[in-house]
Amino acid sequence: GAVVSQHPSWVICKSGTSVKIECRSLDFQATTMFWYRQFPKQSLMLMATSNEGSKATYEQGVEKDKFLINHASLTLSTLTVTSAHPEDSSFYICSARGPIDTEAFFGQGTRLTVV
Amino acid sequence: GNSVTQMEGPVTLSEEAFLTINCTYTATGYPSLFWYVQYPGEGLQLLLKATKADDKGSNKGFEATYRKETTSFHLEKGSVQVSDSAVYFCALGWYNQGGKLIFGQGTELSVKP
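Protein sequences, first through last, are from chains A and B. In this text, residue positions in the first sequence follow our numbering: the first is 4, and each later residue adds one. In this text, residue positions in the second sequence follow our numbering: the first is 82, and each later residue adds one.
For the record, the hints were derived by calculation from the structure and aren't laboratory data. Incorrect hints may have been included.
[Unchecked claim] Cβ pair distances, simulated, as ranges:
{"hint": "1", "chain 1": "A", "residue 1": "64", "chain 2": "B", "residue 2": "140", "range": "32 to 42 Å"}
{"hint": "2", "chain 1": "A", "residue 1": "83", "chain 2": "B", "residue 2": "135", "range": "41 to 51 Å"}
{"hint": "3", "chain 1": "B", "residue 1": "98", "chain 2": "A", "residue 2": "85", "range": "39 to 49 Å"}
{"hint": "4", "chain 1": "B", "residue 1": "103", "chain 2": "A", "residue 2": "75", "range": "34 to 44 Å"}
{"hint": "5", "chain 1": "A", "residue 1": "17", "chain 2": "B", "residue 2": "137", "range": "44 to 54 Å"}
{"hint": "6", "chain 1": "B", "residue 1": "140", "chain 2": "A", "residue 2": "30", "range": "19 to 29 Å"}
{"hint": "7", "chain 1": "A", "residue 1": "44", "chain 2": "B", "residue 2": "107", "range": "34 to 44 Å"}
[Unchecked claim] With a Cα cut of at most 25 Å, we get these calculated DSS-like pairs of lysine-lysine:
{"hint": "8", "chain 1": "B", "residue 1": "149", "chain 2": "B", "residue 2": "193"}
{"hint": "9", "chain 1": "A", "residue 1": "17", "chain 2": "A", "residue 2": "67"}
{"hint": "10", "chain 1": "A", "residue 1": "44", "chain 2": "B", "residue 2": "130"}
{"hint": "11", "chain 1": "B", "residue 1": "130", "chain 2": "A", "residue 2": "23"}
{"hint": "12", "chain 1": "A", "residue 1": "17", "chain 2": "A", "residue 2": "69"}
{"hint": "13", "chain 1": "B", "residue 1": "133", "chain 2": "A", "residue 2": "44"}
{"hint": "14", "chain 1": "B", "residue 1": "158", "chain 2": "B", "residue 2": "137"}
{"hint": "15", "chain 1": "B", "residue 1": "133", "chain 2": "B", "residue 2": "149"}
{"hint": "16", "chain 1": "B", "residue 1": "149", "chain 2": "B", "residue 2": "137"}
Fair warning: this is a prediction, and the values are worked out from it, not measured in the lab. Glycine is no exception: its CB is placed at the ideal position from the N, C-alpha and C atoms.
Could you put the whole structure together from the sequences, leaning on the hints where they help?
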């Protein structure tokens, strides 16, 4: 199947700093990418949907100024957690799908710890 | 609202035991239903799916049937292996709405030799 790569796999940052997480589709063009957040022992919660070249659509309750999403190319989307705080510590997962695909392919996730 | 509920884990089984992981959903319209698997240190992989009522999805010995009358999509496997140890997620989605997925909380399966 298609490969989606997330980077970094884990990151520790200080409170108040910003962190960027990359999501790349390695062997297909991802017209749509999704960003999820997962708390321990809980569901993956959809944060936002991004279409290449367009502004991301955020789910209710997700702060768009806090979680900046950019999808500037067909193979790369980034999630930037701005002014991170300990409550932003979580597991972030992206997925990507092509223009005619019915399946979305997932990255391996990024463990963010804010200290 | 739309939601997915899975049985709580962890589930611990001996090799060759029968596996059932329950999944029920609440949804408007006619969603597709999915099971994803996450092996340690890896991303989610699609295990199987069903797009309409009474469809049966199957893959790698796993199967699940889309039951509209009971709003369920239980995952089953007749004989589990140690290599099946992973976290399993039930999900629903509407691909005509851009492919967004709503996930259950995941069920951890541990298979002992």
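Report task. Sort out which numbered hints this structure fails and list those numbers smallest first. Result -> 7, 8, 11, 13
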